[in-house]
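Q: Construct the entire structure; sequences and hints are all you get.
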Amino acid sequence: MDLGPHAGFIWISYAVVAVTVAGLIVWLLADGWKQRADLEALERRGVKRRSSNK
Amino acid sequence: MQTLTQRLANPTRFMELSARLLPWFVAASAILLVYGLYLSFFDSPPDYQQGETVRIMYIHVPCAWLSMMIYGLIALSSFGLLVFRHPLADVSAKAAAPLGAAFTFLALVTGSLWGKPMWGTYWVWDARLTSVLLLFFLYLGLIALRSALEDEGAAAKLTAVLALVGVTLLPIIKFSVNWWNTLHQPSTDFGATVDPSMRLPLLVMALAFTLMFFAMHLKAMRNEILRRRAKALRTQIIMGRDRLAAQGAAE
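As you go down the protein sequences, you meet chains D and F in turn.
With the first letter of the first sequence counted as 1, position 31 gets the number 31 in my numbering; the numbers rise by one all the way through.
Numbers in my numbering are just positions in the second sequence, counted from 1, shifted up by 54.
Hints are computed from structural coordinates only; laboratory data are not their basis.
We put the CB at the ideal spot given by N, CA and C, even for glycine.
Check the hints yourself; a few may be wrong.
Short derived list, chain D residues pointing at chain F, Cβ under 8 Å [to be verified]:
{"no.": "1", "residue": "ILE12"}
{"no.": "2", "residue": "THR20"}
{"no.": "3", "residue": "ALA22"}
{"no.": "4", "residue": "ASP38"}
Calculated pairs, DSSO-like style, for lysine-lysine (alpha carbon to alpha carbon, straight line, at most 30 Å) [claimed, not checked]:
{"no.": "5", "chain 1": "D", "residue 1": "LYS48", "chain 2": "F", "residue 2": "LYS211"}
{"no.": "6", "chain 1": "F", "residue 1": "LYS285", "chain 2": "D", "residue 2": "LYS34"}
{"no.": "7", "chain 1": "F", "residue 1": "LYS211", "chain 2": "F", "residue 2": "LYS170"}
{"no.": "8", "chain 1": "D", "residue 1": "LYS34", "chain 2": "F", "residue 2": "LYS211"}
A few chain F positions that, by computed beta-carbon distances, are all more than 12 Å from chain D [as the list claims (entries may be wrong)]:
{"no.": "9", "residue": "SER94"}
{"no.": "10", "residue": "PRO171"}
{"no.": "11", "residue": "ALA202"}
{"no.": "12", "residue": "ARG282"}
{"no.": "13", "residue": "ILE291"}
A: Below, the structure written as structure tokens:
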């Protein structure tokens, strides 16, 4: 694919977007795993949310 | 009869609904993104003036659109928190801020990379570029203000007030290209100023990015609800310990 004399600008633009979006996805997934693990660790200690006791 | 927002006011119900919706958002945005990238690179012509660099538009415009739409969502959520005390409003505003900052950063970077070959410079202090840079700083301000305060309730309210004050920036960004003489091109009129061969890839990419944001936002809101639940359990443990200590001291 020939993107002409400014191909570098085009590829860098798409690469920056791809890396940032990938970074956001990894951060969201990792944060989700951490929050779930924290909550499960607390629940294993026998602590239950008040709303779940109803 | 309960409205949708009232039904979603229960975080447990929101977690159930979002768990069902999230895979659909992810799948739809992924399919549209692949289709949009195909159209952007293989099924759209170079521009008669800009040549191949017009392909940067297919990612720059969706990022710029999201930078403003996400701020609008934060402002709406902030209004929901301050006026209706909706339990999920602050969760929504907090979850959206880093995503808004990221897409505003991308709008600035891709615009800059598009500007260099077209304008001969990466940056000019014109009204559109400067107001979007201010929007980026506003996002950082919202994130910093929230993390600077330990009391989550106070942080939520102060951040909401700042978000509502900052919403005045949105019309300035939108109309800056009409009100002032800027290097940035005037607002895009999809019907009149974009050729149909470029309109389809642009619309598909804009839709793909919008759905991708909503998928990310749902996930970030779910994470925030889990974090608040864990925090509530930790508080329960501390309060239980304090109660036992007080009973022991009384006996």
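Q: For each hint, tell me whether it holds in the structure or not.
A: Hint-by-hint comparison with the structure:
no., hint, result
1, ILE12, "holds (6 Å)"
2, THR20, "holds (6 Å)"
3, ALA22, "violated (11 Å)"
4, ASP38, "holds (4 Å)"
5, LYS48/D <-> LYS211/F, "holds (28 Å)"
6, LYS285/F <-> LYS34/D, "holds (13 Å)"
7, LYS211/F <-> LYS170/F, "violated (41 Å)"
8, LYS34/D <-> LYS211/F, "holds (27 Å)"
9, SER94, "violated (9 Å)"
10, PRO171, "violated (4 Å)"
11, ALA202, "holds (20 Å)"
12, ARG282, "violated (9 Å)"
13, ILE291, "violated (6 Å)"
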